[in-house]
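> From just these sequences and the hints, can you work out the full model?
Keeping their order, the protein sequence lines are chains G and C. The numbers in the UniProt record's numbering rise by one with no breaks, and the one at position 259 of the first sequence is 259. The numbers in the UniProt record's numbering rise by one with no breaks, and the one at position 331 of the second sequence is 331.
Any given hint could turn out to be false.
Intra- or inter-copy, both count: the list cannot distinguish identical chains.
[Unchecked claim] Lysine-lysine pairs mimicking BS3-like chemistry, simulated, CA-CA at most 25 Å apart: (1) K339 - K33; (2) K61 - K141; (3) K154 - K33; (4) K2 - K35; (5) K141 - K35; (6) K61 - K33; (7) K2 - K141; (8) K35 - K209; (9) K33 - K141.
Since the hints were made in silico from the structure, they are not lab data. Note that the coordinates shown come from a computational prediction; the quantities given were computed from them, not determined experimentally.
2 protein chains.
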Amino acid sequence: MKPRIKTMEELSVAIGVSRPTLSRFFQDPGSVKTKTVERIQAGLERVEYVPNFFATRLNRKTTGIIGVIIPYLNDLFFTKLLQSVEVAAFEAGMTVITQCSHSDPAIEARAAETLMSMNVDGALVAPLGDQSDQSVHLRLKSRMPFVLLDSRPKSMPNVDFVGSNHTQSTGLITEYLCRVGDPPAFLAMPRVNFNALEREVAYIARMEKLGFEPEILGTEAVRENGYFEEHGEAVLGDAFAQGRLTDRSILCANDRVAIGALRAAAQHGLSPSRGTKGGLRIAGHDDYPLCPFLTPALTTVAQNTDAIGEEAVSRIMQIIRGEVSGDEPEITLFDGELKLRESA
Amino acid sequence: MKPRIKTMEELSVAIGVSRPTLSRFFQDPGSVKTKTVERIQAGLERVEYVPNFFATRLNRKTTGIIGVIIPYLNDLFFTKLLQSVEVAAFEAGMTVITQCSHSDPAIEARAAETLMSMNVDGALVAPLGDQSDQSVHLRLKSRMPFVLLDSRPKSMPNVDFVGSNHTQSTGLITEYLCRVGDPPAFLAMPRVNFNALEREVAYIARMEKLGFEPEILGTEAVRENGYFEEHGEAVLGDAFAQGRLTDRSILCANDRVAIGALRAAAQHGLSPSRGTKGGLRIAGHDDYPLCPFLTPALTTVAQNTDAIGEEAVSRIMQIIRGEVSGDEPEITLFDGELKLRESA
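Shown next as structure tokens:
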């Protein structure tokens with residue numbers, strides 16, 4: 001066992017290099033003579049010592065941390081996005097500290113405070129939605145490089161943003177459904193979720209452009225405490241029980257809503273399929289990782305989470321490094337891609 | 001807009017309290033006179049200042065951080081467990097910093113280094129599995145309060161651990177399947193996953209106790225790059241294509257494997273159900289959040305993730321506070337609970 005060293009004072013004694021020199025070594029190795037660097041490195045080999053992440057960064061301008069806030073954890077869309085952010089950040093030599101809002105504006109506000117107090121170099125924030133306290137995002141933005149991710153509040157139109165082009169993606173699947181079968185109804189969410197709402201608007205626009213009458217379902221919460229899957233199952237379950245919508249094409253606000261919709265169909269003995277006119281079809285949005293394993297496998301339009309995560313990290317690094325000014329916000333939207341499977 | 005204060009020196013000038021007094025206030029408010037505390041608090045109201053999380057903790061014994069390492073993110077079992085850890089930690093007044101290993105031993109090792117360098121007060125670690133570099137866990141354990149979560153390497157039998165009692169949970173569902181229908185075969189995983197292996201062993205023991213011949217499937221990887229769902233789908237898909245196993249009861253190593261198994265059944269026109277003798281039945285383990293929404297809804301045995309998360313936080317806090325010595329490790333296993341649905 002190597003001797004365990006806890007402080008820089010102890011380290012100075014153990015390897016015979018002065019405390020200020022060690023300090024300079026950990027903050028900026030280039031500022032120390034090559035011979036001394038070699039002596040320190042050889043000394044570090046002989047002991048068990050981990051330099052304190054923050055102590056060695058206290059006098060630097062940067063902590064090397066990107067702070068991330070995501071709205072909830074139990075959602076494979078966000079875990080996939082977070083993974084792509086982490087991989088890109090690691091490649092840029094950064095450490096990622098993620099805080100989750102757990103669907104609660106108070107926790108979201110605390111997450112922002114935590115990132116501020118940790119002096120992270122920049123923040124990537126996927127906001128909760130309408131429930132968010134907007135002043136929290138504005139305060140965070142006023143203090144550090146800040147990029148919105150995945151969804152954006154109406155109140156922050158002029159902020160760096162990376163997400164999906166919902167007009168394109170929702171338009172694409174709406175047009176596909178109209179082209180090969182009946183025009184779809186849109187199974188929405190209660191209007192607190194920015195992305196669901198953007199897709200609802202995009203659906204209406206495309207339907208009108210194609211000369212069809214839009215029809216929106218499920219903007220009211222049907223069950224208490226229900227979220228995406230529960231909502232989709234409740235809205236379609238109630239309709240199917242009354243004999244309605246059983247031969248319709250249904251475009252869902254996202255894949256988790258569609259998973260609930262598929263469940264409602266199965267419970268009423270209905271099999272959504274790619275069949276053309278007059279049969280039940282169900283489609284989603286996002287390409288949730290489980291889509292290919294559902295029965296029937298879910299037809300959807302994929303968000304490019306890899307590109308969104310990479311671009312968000314690339315953008316925040318540009319702002320952190322001062323390569324762009326934060327005053328000219330850039331909005332980057334990635335197109336969605338059709339994933340034709342069995343359900344529509 | 002309040003004036004923005006960046007350093008404690010600036011703060012001292014702005015609110016007229018000396019730098020050392022401010023320092024004592026942020027590190028231990030009780031050590032400062034009540035009148036001065038009031039003056040500082042009134043001053044802080046007038047400015048925009050966030051004390052640096054780590055600077056104010058540099059001379060304290062604790063950082064107030066629990067570090068967590070999870071093996072991968074794209075799994076709703078781990079996000080549910082992490083949520084329960086975060087909620088319990090917040091209630092204990094702690095900040096949680098989670099690092100994900102992304103299924104890569106090198107990233108797991110780096111995650112451990114990050115937690116050490118951040119001087120977290122204790123670590124909760126859900127290890128990757130057989131692929132992990134065991135010395136990483138041992139080193140982390142030698143440096144700080146350490147509790148293993150969810151699964152444990154054979155090489156670390158005497159370490160604080162909180163997880164599920166797989167002998168009980170797997171025994172319970174094995175016995176249920178035997179009682180109401182044919183004795184099940186076990187759809188395993190390649191033997192690098194500790195929990196899947198513990199369940200395999202528990203299945204064999206219970207089958208033998210009940211006087212039935214155990215039968216293990218799928219211990220070899222059938223497809224490259226496939227993980228849980230892909231593995232379940234591939235193993236059963238290949239068997240069904242050869243006309244094998246179509247009337248069997250299949251207990252899967254976990255629900256994600258079972259999701260793949262359900263998919264293979266659907267693709268071969270088979271409908272697993274609760275029917276008794278001589279029909280296909282598929283069951284899982286964990287109670288993955290999507291189980292009730294699958295078609296058919298998945299019969300499984302639930303892990304008590306809430307209790308596991310709470311107990312892990314409670315245990316690490318006891319060690320951090322010195323209420324128990326780390327020398328008498330405690331193993332806490334929670335029982336599973338049957339969730340009877342449609343698939344078995």
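> Look at each hint and say if it fits the structure.
Okay, the hints, checked on the actual structure:
Taking the closest pair of Cα atoms, K339 and K33 never come within 25 Å of each other, the shortest separation being 58 Å inside a single copy and 66 Å across copies. In this assembly of identical chains, K61 and K141 lie within 25 Å of each other by CA distance solely inside one copy; the values are 18 Å within and 32 Å between copies. Taking the shortest alpha-carbon separations for K154 and K33, neither the intra-copy value of 54 Å nor the inter-copy value of 46 Å comes in at or below 25 Å. For the homomeric pair K2 and K35, the shortest alpha-carbon distance inside one copy (23 Å) is at most 25 Å, but the shortest distance between copies (49 Å) is not.
Taking the shortest Cα distances, K141 and K35 never come within 25 Å of each other, neither inside one copy (44 Å) nor across copies (34 Å). Taking the shortest alpha-carbon separations for K61 and K33, only the intra-copy value of 23 Å comes in at or below 25 Å, while the best inter-copy value is 34 Å. Taking the closest pair of Cα atoms, K2 and K141 come within 25 Å of each other only across two copies (15 Å); inside a single copy the shortest separation is 45 Å, beyond that limit. In this assembly of identical chains, the alpha carbons of K35 and K209 never lie at most 25 Å apart, being 72 Å within a copy and 69 Å across copies at closest.
Taking CA atoms no more than 25 Å apart as the test, K33 paired with K141 passes in neither setting, with 40 Å inside one copy and 35 Å between copies.
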